[in-house]
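Protein chains in written order, with my numbering: chain A, 1 to 347; chain B, 1001 to 1109.
No wet-lab data here; the hints were simulated from the structure.
There could be a bad hint or two in this list.
Coverage of chain B stretches by chain A, computed from C-beta distances (three or more under 8 Å per stretch; other residues unrestricted) [stated by the list, open to error]:
| # | stretch |
| --- | --- |
| 1 | 1028-1036 |
| 2 | 1053-1060 |
| 3 | 1064-1070 |
| 4 | 1075-1089 |
SDA-like, lysine to any residue: derived pairs with alpha carbons at most 20 Å apart [to be verified]:
| # | chain 1 | residue 1 | chain 2 | residue 2 |
| --- | --- | --- | --- | --- |
| 5 | A | Lys272 | B | Asp1097 |
| 6 | B | Lys1087 | A | His269 |
| 7 | B | Lys1087 | B | Val1102 |
| 8 | A | Lys272 | A | Ala192 |
| 9 | A | Lys272 | B | Asp1094 |
| 10 | A | Lys272 | B | Pro1092 |
| 11 | A | Lys86 | B | Asp1097 |
| 12 | B | Lys1087 | A | Gly270 |
| 13 | A | Lys272 | B | Lys1071 |
| 14 | A | Lys272 | B | Leu1096 |
| 15 | A | Lys272 | B | Pro1098 |
| 16 | B | Lys1087 | A | Arg268 |
Here are a few chain A residues that face chain B, going by a calculated C-beta distance under 10 Å [claimed, not checked]:
| # | residue |
| --- | --- |
| 17 | Phe6 |
| 18 | Thr7 |
| 19 | His124 |
| 20 | Arg190 |
| 21 | Trp261 |
| 22 | Met264 |
| 23 | Leu280 |
| 24 | His299 |
| 25 | Leu327 |
| 26 | Ala338 |
As the structure is a computational prediction, the values presented were derived from the model and not from experiment.
C-beta atoms are modelled at their ideal positions from N, C-alpha and C, and glycine is treated no differently.
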Amino acid sequence: MAEPVFTPINLITGFLGSGKTTLLQRLLADPALADTAVLINEFGEVGLDHHLLERIDDTMVLLQSGCLCCTIRGELSMAIRELQSKRERGQVPRFRRLVVESTGLADPFPILSTVQADPVLRHHFRLGNVITTVDAVNGLGQLARQPECTKQVAVADRLVLTKTDLVEAEAADALVGRLRRLNPSAPLWRAAEAPIDAAALLSHDLFATATRSEAARRWFAAELASSDRGDAPDRNRHDDTIHAFALVFDGPIDWTLFGLWLTMLLNRHGEKVLRVKGILNVADSATPVAIHGVQHLVHPPIHMAAWPDADRSSRLVFIVDGLDRSLIERSLASFLRAGSSALSPAA
Amino acid sequence: MCALCGVLGGSGHWTDAAARPGVFTRNVDGLQRRRERGHRIACASRVLVHYGLTLSDWQASSFVLSTATGKTELVDDLGHLWAAAEKLLGRPCDPLDPDLIVRLEGSGG
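All chains should be built: construct the whole structure from the sequences, respecting the hints.
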């Protein structure tokens, strides 16, 4: 039987007027993206000319009694299902990637959870990189005033800084400093100054690189180095509650205990855990397991092909809003220790 | 079905990820699933004991979460365990609660 192929879905988000559509226009000019389908929320001033362009209406199904992980944006879900159905029937070209452009005011979380919670979509699609555009002219003000804007930056896998040619270098640097405190690890492009590398933006995601240990090593090296920078002393602004940190645990981790702990943490504090990423040394597994979550949503854990280097410790990177690093570290350690000592005689 | 939302086919918790290439899961074959269920109950019980709750297997398809007075909730997966526990207790179950951490540290080696 052929292995199932999951079509990656990239989300392009960013505040109103931050250049999402312009970025999309530049990306779609790349011949390598000819097999990419695009869903947009509204047709804006920037014209898009692409053979696989569809529109979604913006309504969200909020399930009354539901858990947050099942928040489904009804129209988005229907639009992607429709594309999938047309692809299967041969009515549209066999696209191999889908790019969704969100509205500027949208909280990215429900869009991501739709792909994972919808029973049809999660058998055909998987989440790829989230790309967030930030406008160098208005970015600092938007970050100060709009919580959605902060969240869009924190959940990004790639940041694209736009309109840097319209501001002084110092202003752009101040914005970059702020972005780095909110999200220390996402690679950042200055769209006005550098050519857009479509492959690096869209396709170099965790799932795609997990099987190549060299790429995975670079990914984690960057994460760990930059998350240390996130704890730098300049992070003591009073209103700046979002920060990043890395935890390192030696020795193999019990997968079930870890799952129990992270599930409990996300149940109570999910909206404050903007990102969690990590590479785990799981007991009974010869190769590491990568985990990756956004708020209440955790992607299916990835079984990496090999360890990226000689270091066998488990490494976790968090971006949190107002949660205490030392409590998180102590809590996880206490779960792992309590479980292992109690369970080891029977194991 | 997602027990909280009523979404058909909605339960796809990451701790029970469907076995497929590149994905780490213990949801592979019948034997491993049974072993994992037993291990999961043992692990969860180490924490739930601090809330006076017990977890047991139900027909190898769900879990039963019970209070000391016999109130019960059926739980599909770990994603629903803590929401169900909070519903039974009427208070939050917070892994960052210093009292819980101290008790877990005391119960460990």
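Hints versus structure:
Only residues whose beta carbon comes within less than 8 Å of a beta carbon in chain A count, and the stretch 1028-1036 of chain B has 1; fewer than three means the coverage is violated. Coverage of a stretch by a chain is defined here by at least three residues with a beta carbon nearer than 8 Å to that chain's beta carbons; for the stretch 1053-1060 of chain B and chain A the count is 0, and the condition is violated. Evaluation of the coverage hint for the stretch 1064-1070 of chain B: breached, as 0 residues show C-beta separations to chain A shorter than 8 Å, against a requirement of three. Coverage of the stretch 1075-1089 of chain B by chain A holds. Counting CB-CB distances below 8 Å, 7 residues qualify, and the rule asks for three or more.
Restraint check for Lys272/A and Asp1097/B: the C-alpha separation of about 16 Å stays at or below 20 Å, so the hint holds. A C-alpha spacing of about 16 Å is found between Lys1087/B and His269/A, which places the hinted pair at or below 20 Å, so the restraint holds. For the hint linking Lys1087/B to Val1102/B, the alpha-carbon distance of about 24 Å lies beyond 20 Å, and the restraint is violated. Restraint check: the Cα-Cα separation between Lys272/A and Ala192/A comes to about 33 Å, which exceeds 20 Å; the hinted pair is violated.
This hinted pair checks out: Lys272/A and Asp1094/B have alpha carbons roughly 13 Å apart, not beyond 20 Å. Pair hint Lys272/A plus Pro1092/B holds up; C-alpha atoms about 16 Å apart against a cutoff of 20 Å. Restraint check: the Cα-Cα separation between Lys86/A and Asp1097/B comes to about 50 Å, which exceeds 20 Å; the hinted pair is violated. The suggested pairing of Lys1087/B with Gly270/A holds, with an alpha-carbon distance near 17 Å, which does not exceed 20 Å.
Distance hint between Lys272/A and Lys1071/B is unfulfilled; the C-alpha atoms sit about 31 Å from each other, more than 20 Å. About 13 Å separates the Cα atoms of Lys272/A and Leu1096/B, which keeps this hinted pair within 20 Å; it holds. About 18 Å separates the Cα atoms of Lys272/A and Pro1098/B, which keeps this hinted pair within 20 Å; it holds. Restraint check for Lys1087/B and Arg268/A: the C-alpha separation of about 13 Å stays at or below 20 Å, so the hint holds.
A distance limit of 10 Å between C-beta atoms decides the matter here; for Phe6/A the minimum to chain B is near 8 Å, and the interface restraint holds. A hinted interface residue such as Thr7/A counts as satisfied when its beta carbon comes closer than 10 Å to some beta carbon of chain B; here the least separation is about 14 Å, so the hint is violated. The interface hint given for His124/A is violated, since its Cβ lies 12 Å from the closest Cβ of chain B, which is over the 10 Å cut-off. Taking 10 Å as the C-beta contact cut-off toward chain B, the hint placing Arg190/A at the interface is violated, the least distance being around 33 Å.
A hinted interface residue such as Trp261/A counts as satisfied when its beta carbon comes closer than 10 Å to some beta carbon of chain B; here the least separation is about 6 Å, so the hint holds. At its closest, the beta carbon of Met264/A sits 4 Å from a beta carbon of chain B; the interface hint therefore holds under the 10 Å criterion. For the restraint placing Leu280/A at the interface with chain B, the shortest Cβ-Cβ distance is roughly 9 Å, inside the 10 Å limit, so the hint holds. With a least beta-carbon distance of about 7 Å to chain B, the hint placing His299/A at the interface is held under the 10 Å criterion.
Interface restraint check for Leu327/A: the shortest CB-CB distance to chain B comes to about 5 Å, inside 10 Å, so the restraint holds. Annotation: interface hint on Ala338/A holds; nearest CB of chain B at approximately 4 Å, less than 10 Å.
Hint compliance for this structure: hints 1, 2, 3, 7, 8, 11, 13, 18, 19 and 20 are not met, and every other hint is.
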